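Visitor: Below are the chains, spelled out letter by letter.
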Amino acid sequence: MEKVIQVDMERCVGCRTCEAACSLRNTGQSNPTRSRIRVIRYERLGEFHDYVPMVCQQCSDPLCMEACPVNAISKSEETGALVVDEEACVGCRICAMACPIGGINIDPVTDKAMKCDLCGGDPECVRHCEPEALRYVPRDVLDLELKRSKSQKVTELYALMRSLR
Amino acid sequence: MFLGARGGNAWLFFKHSKVNQDPYDPDAPLIFGAGALAGTGLIGTSRMEATAVSPAKTETHSYGNVGMGGSWAPELKFASYDNVVIKGRAGNPVYLFIRNDDVEIRDASGVWGRGTFETEALIREELDDPDIQVASIGPAGENLAVQATIEQGYRSGTPIGASMGAKMLKAIAVRGTRPVSVHDPEAILEQNRRLIEIVKESKRRTGINIARDRGTDAYLQGFLVGDAGVVGNYESHAWRDRPEVRRAYEENYIGEHYVKEIGCFGCPFPCQPLYSIPGVGACIWRCYPTYWPWKLWMTDLASAFKATRMMSDLGMDNKEIATIVSWLMHLYEMGVVDEVDLDGVAFEKGNPEPLFATIRKVAHREGFGDVLGGGVLALAEKLGPEATAYLYHNQGMTMRTFEFRAEPGTALGEAVSARGNSLRATTYHVVLWDKPPRDDYSGVSPEESEASYAWSRKMFGTEKAIKATEYEGKPQALIYEMNGAAIADSLGYCVSMIRPGRVGAPGTQFGDTSYAFAVERFTAATGIPMDEAGLFGIGERICNLERAIVVRDGKSRLTDTIPDFFFEVPIPDGDQAGRRLDRDKFEGMKEEYYALRNWDLETGLPRRSTLEGLGLGEVADVLGRQGRLGQEGG
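These protein sequence lines map, in sequence, to chains A and B.
Under my numbering, residues 1 to 165 are what the first sequence spells out, in order.
Under my numbering, residues 1 to 634 are what the second sequence spells out, in order.
Hints are computed from structural coordinates only; laboratory data are not their basis.
Note that the structure is a prediction, hence the values are computed from the model and not measured.
No residue lacks a Cβ here, since even glycine has one placed at the ideal position from N, Cα and C.
There is no bait here: all hints are sound.
Listed below are several chain B residues computed to face chain A (Cβ distance under 8 Å; list not exhaustive):
1. 121
2. 177
3. 179
4. 180
5. 282
Pairwise CB distance ranges, derived in the manner of DEER restraints:
6. B:103 - A:147: 47 to 53 Å
7. A:86 - B:100: 24 to 30 Å
8. A:108 - B:113: 34 to 40 Å
9. A:74 - B:532: 46 to 52 Å
Build out the structure end to end from the sequences listed, making use of the hints.
Guide: Given below as C-alpha cells:
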C-alpha cells in the first residue's frame, strides 16, 4: 500500500523543524525557502497561533502531472510519489498554477519544479516531527485515522450537548 | 573566537562602548546577535542575544544582556547576518527592517505607542509578509522605564528595552530567504534523529522532557513542591504548604485554558505553553510567572496570567515588576507606606489590583510609576530609609527569586556575575537538595542521587559541589556552569539542550556527555575541529571578557556581593528554616573562585597574564590604561 504524509494541523507547534530537515536533505543546506514542505502561519500575538504544514499530498489524480506540457512529472512505482524529472522540466510554472494546494513550486535556485518526493520512502520531515503533526501512513490507514480523530470531536460535541440539556 | 550571540556581542560591546557609558548616550551601542548555530537546522539552537549598557543597573550602568529563543535569530541568519550593532538616535520613531541585502530604516509613527503584540501584526501587515520576525519594545521601552524589555514572540528577559527606546527604535524586523550553509548536512540530520530518539526513550521528567510533557507550565507544579521559590519579600517558605493555599491554587489552576505548545524555530520539543483565557486573550505561560505569584501571596493564577500578558504586550520584565510589588506589599503591611505614598493604591497582599496598577503606571510613567520607571532605587529613596532597608537588590535590579540563604553557590554566582541577576551564573542547574523526594518533579531516586554524586566527585572533587546548601566545591561547579552557559548562549543553544539537567547527573538527559554531544553537533555544522576543552576554553574567554568589561566600569571584589540581608536574617520557616549565609565561608568561596579564574585574590580584578593567555591582550591593554588590572602572582 502506498503511503502518504498525513498532516494534523492541530498538533503543529509552528517550529518549522520540517523545513530545516527537508532543505538539509534535499539541498544540502538549511534553507526554508527551498523546503518542499512549508508551515503557513496564521498568528497574532496575544490572540491565536495556528500553523498549517503544507506539503504535496501525492494526489491520485494529479493536476500537476496532467498540466505539465513536457511530461516532466511521473509517478514513482516504488513509493507512489509524484516526482519531477529535472532534466525535462523547463520551469514554466504551469504545475504550480494547476496544483490546488500549493504542493509544487519552482525552486528559486534551479528554476525547476520542486516538490516532495517522499525522500524515496522515508520522509525526513516526518522523522523530525516529534509532535507528530506529520505522519507517514498508508493511504487506507490515513482515511481511517482522519475519521477517528474527527469522530472524537463529534463525541465531545455530543457530550457537551447532553450536559447542556 | 567568541562564537556568535553572547560572546560575539560581548566583543562588539567591548569595542563600541565607553567606560561607564550613559545607557541613553546616543553613541551607546545596542547589539543583536544570532547564535552561531542558529538556522543550521540543528535542533534547539535558535537563541538570540541582545546586549547594551544596562539601563536597569542604575547603580553601575554597565554591561547588560538578554537571551531569547524563538525564530528571530534563524531569520537573521537566513538574511545572512550574525550580529547587528546599532548606534545613534533617530529624530522620530523608526524601525529597522532587514531583508537579505536590503536594510531600511522605516517610519514607526504608526506603531509608536502600541503594544508589542499589535506592533508585530502591524509591521507584518505593512510589509505584507507574515513570516517577518519582529523584536520590539512596548510603551514601557518608549517611555524609558528601566524595567522595559525587548520582546520577541512572548520571549523576553532581563530588561534592556529602554536602550531601544532611547534610540527611538521601536522594532527590528527581519526576513531572510537565503541558505545557511553547513559543513555536513547528513551529520546534522543524524544528530537530530539521535536526539529525538534519546528524548523519546528518556523517561525522566527533567529538562527537555518536562518541556515535552507540559511545557514550562510543568514547572508550576515543580515550584509548588520545590524549595527554590520564595514567598513574599523573602518573608516565608512555608505558606504554600498550607492546605488552604494548595486548595486555592488547585481551584485557580488555569489548565483548562491550555491550548498547545509553541516551538522555537527548528525545535520539535516545544516548551512554550500557550493559554487562551476568555476575556483576557492568549499568551505563553512563561517560566518566570511560575514562581512570582508566591511573592505576591497570590493563588489566583488567572490574574497572574493576565499580568504576564499585559507585561509581555507593554514590554516589561515580569520578574522585576513582581519583585517590586512584593516589596511594596511587604511595606504596606508593616505600615511603612500607605495609599497616600502610592497614588491611592492599597498594596494588599494577594490582591492582583496593585500589580495591574503598577504595570500600567510604570509603562506609561504615571504617578509613582514615573519614579519607579527611573529605577527602584529612586522610589526607595522617595519612600525613605525604612522602605529602603527592605529592598534587596543587586546594582539596582531586584533579586532573582532564589533563596540565596540556602544556596551558597547561587549566591556566589549572583555576586560575581557580570550581568547581575543572571540565571546564567548560578549553580542552580547542578544542585541537589538533600531531602526526600516529594513528587516525581523534584524527587530524585537514591540511584540517581548516587550517580549524580559520582559525577560531582569526578568533575569537582567532592559530592558537596552539587549539594545545594554546601559551600565546598561550589566555585568549581559555578565556573563549569558559567562557562557552559557562555558557550550555550553563544552557540544559540537552548538551556534544556546543553545542561546536564536539573540534577546534573549522568542518565538524566545526556548526562556528562552533553558537551561531547555539543562538540559533535558544532563540528557537523561548522566543520571546525573542536573538543570539549576547546569549547570550555571559549566559555572561559567569554566570561573573562565580560568580567573585564564590568571591571572596567568599576566592579571589583568589594561589589562582588549580595545584600547583607541574606547574611543576617535567617530563613524563617519551611524545610530550610534557620539558614543564612556565612560571611567568612562566602568570602572563602570568592577567593577560591578568583584563584580558579586566575584573577587577583585581593581585588578580584583579572590579571594581564590571564587575559593574554585567553587571547585578550587588547582587553588587558584597556584595563591597564584604566589601572584596573589585578596584581600578578599569588
